[in-house]
Amino acid sequence: MKQNRLNVFTTINYFFFIVLGITMLYPFWYIVMYSLSDPAKEINLGSFYLYPNGFTLDAYKSILGQTFILTAFKNTIIVTIVGTLINLIMTAATAYPLSQRLKGKSWIFTCILFTMIFSGGIIPTYIVVKNFHLVDTLWALMIPSAISVYYMMIMVKFFQEIPVALIESAKIDGYNDLAILFRIILPLSPAVFASIGLFYAVEHWNDYLSGTLYINSSEKNVLPVILKNLLFDESLARRVGRTTSSTTPQTMKMTVVVIAVMPILLVYPFLQKYFIKGIMIGSVKG
Amino acid sequence: MKNIIRDRYLYFLLIPGLTYFLLFRYLPMFGIVIAFKDYNIFKGIAESPWVGFKYFAIAFDSNDFWNVFRNTVLISFYKLFFGFPAPIILALLLNEIRHTFFKRFTQTIIYIPHFISWVVVAGIMLAMLSPTYGVAKTMFEWFGVEPVNLMASVKHFRALLVVSNIWKEVGWGTIIYLAALTTVDSSLYEAAEMDGASKWKKTWHITLPSISTIIILLFILDIGFLMDAGFTQILVLQNDLVRSVSDTIDTYVYRVGLQNAQYSFTTAIGLFNSVIAAALMITANRMAKFFGREGLF
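Sequence lines, in order, name chains A and B.
So the first sequence is numbered by this note's numbering: it starts at 1 and just counts up by one.
So the second sequence is numbered by this note's numbering: it starts at 1001 and just counts up by one.
Just so you know, the hints here were simulated from the structure itself, not pulled from any lab data.
Bear in mind the structure is a predicted one, so any value in this text is a computation, not a measurement.
Careful, some of the hints might be misleading.
Claimed, not checked - In silico DSSO-like cross-links for lysine-lysine, where the CA-CA straight-line distance does not exceed 27 Å: (1) B:K1289 - A:K157; (2) A:K105 - B:K1002; (3) A:K105 - B:K1103; (4) A:K273 - B:K1103; (5) B:K1002 - A:K103; (6) B:K1043 - A:K130.
As the list claims (entries may be wrong) - Among chain B residues calculated to face chain A with C-beta under 8 Å, some are: (7) L1010; (8) F1021; (9) P1028; (10) L1094; (11) L1126; (12) I1175; (13) I1176; (14) A1192; (15) G1196; (16) A1197; (17) G1270.
To be verified - Across the chosen pairs, the derived CB separations fall in these ranges: (18) A:L178 - B:G1044: 36 to 42 Å; (19) A:M262 - B:A1046: 35 to 41 Å; (20) A:L178 - B:N1067: 54 to 60 Å; (21) A:N229 - B:K1289: 26 to 32 Å.
Backbone N, C-alpha and C define an ideal beta-carbon position, used for all residues, glycine too.
The whole structure should be built from the sequences, with the hints applied where relevant.
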C-alpha cells in the first residue's frame, strides 16, 4: 500500500520537474529558432518554432553590421568589466576591515545597513549624480552602484571564516593589516571573488535602469536600453528591420535579444557552481 | 586613540567605501528636502523656496497618486501571495528526488531565468504572446478563442507581471531553500520514521519548522520591499494601454518626475514610499522577534 502511494508520488514528481524544466528552457529555444527563421514562410505565423523554418542568417548579418548595436555592445562590455572591477575592489576594501576586530565597527555596520532600509529615492540620487557631473557618462553606470550592501555582507561573512590563528600568527611575525590582506586573506579568497564578481557582472550586463536614467547620448548607450527601445518602438524596429527580404522587424528584434542573452547562457553552465557557492555563503547562517 | 593608530590600515581601507556611502547613499537622503521645497533646477536645492507640505497635500488629493498607490500594493500583494510559497513548495518537492544527477540538473535549469535581464524577458514575452506572430496565436486557436494581445490587455496585465516574475525568480528561491533543507538533522527523520510518520507529517512537523527561520527572514525582506512592486520589470513591460493597472509609485515617479520634470512633487511621493517601506521592514522584523525568531537586524 505505502509502496504504491510512494511510486505514484515519485513518478508525478519527476514528471512535474521535467515539465518545469521545459517551461524554463523552451522560451530561450523559441527566440533562437525565431531569429534564425525566414519570416516570409507562411507557416511561421503562430508556430512553435521547434526548429528554424527557412533557416537564414540574414537577421544576424544585418544586425551585426549596424553601428548602433555594436557601439551598445562595446559599451556594455566596458561597463561590465570595469564596473565589476570597481565593485570588487570597493566591496573587498570595505568588507575586510569589518570582518576584523575594530573599534567603532558596529556603528559603521549600522550606518551601512541603514541604507538597505531607507534610501534617498530616484530623484534625489539623480540630482546628486548630476551635480557630480556624471550624468551622460559611463561612470554613472559604475560608481553610484559601486557597493551592494548584500554582497558586501557575504564577503564579510566569508572573511570572518578565515581562521583567526592564521592572522594572529602573521601579526606576531610582524605583518601589518595591509600585508595580511594581500598575503593571507586574498590568496584564500578566489571563491568569494568569483561568486560575488559574477553576481556584479551579471547585474551590469543586464542593467537597464541606470542606462535609461543617466545616459542621453546615443553613442554611450548600453545594450539593455537599445534592446528595449528596439522592442517597443515600432518605428525604430521597422527602420532596422526591413533590410533584406528575409528579415522583418520581429526577427531583428529576436536577433538582438539573442545577442543580449547569449553571453550569459553560454557562460552560465561553466560558472554556475560559483553562483551556488555565493548563495551558500550568504544564506546558511552560522 | 591608541586603537585607531594600531588599526590605522583597516581604517584606511574603509575610506573609499565609506566615502561612497556618504556621497551616493546619504547625500541623496539630504536631497529629500526638495519634497518640502519648490525645487528649481536653476536655483539649486539651497535657494529653492520652502513650501512645507504643499506637494504632499497635492499628492494625497490627486487621483493619480491613489491609483498608483493602489497598483503598487495590489501587485506586490499578488506577487507575495503567489510567489512566496512557490519556491518553498518546489524546494520541498525537489528534495524528495533521490536521483542526484536529475536533482542537480533540474536545479541548474530552473534558475537560469534569474540571470537574464527583464528586457530579454520582455522580448521573449513580446514574441511568444503576440496574437499575430507568436505561439499564443496557435494556443488561442486551440481553445477556440479570439486572439488577444495579453500584453496590452488591462484585464490580464497584472497576471502577466506576477506569472513572469515567478517564472524568472522561482528557481533562485528554490536554491536558497534547498540549501537550508540540507541542514536539517536527518536523525529527526529517522526517529519519525520509526514512529510511523507519513511523508506529510514529516514535512509538517520536521522540515517546515527546521527551515522556519529562513522562511521568516526572507518573508521579512519581501515585506520590507513591498513598496517596490518590481520597478525594472514594470518599467520595461508596461505601455500606455495598461498604465492604469500597472503604474506603480516608482514608475510614476520616474516618468512624471524625470521626464516631466516635476521634481518636488515626485520626491514627495518617493519619500512617502521610502518611509512606508522602512516602517514595514522594521515592523516585520519586530514581529519576527516577537514570535521568538531571529530578525534581520
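Which hint numbers does the structure go against, in order from smallest to largest?
-> The structure breaks hints 3, 14, 15, 16, 19, 21; every other hint is satisfied.
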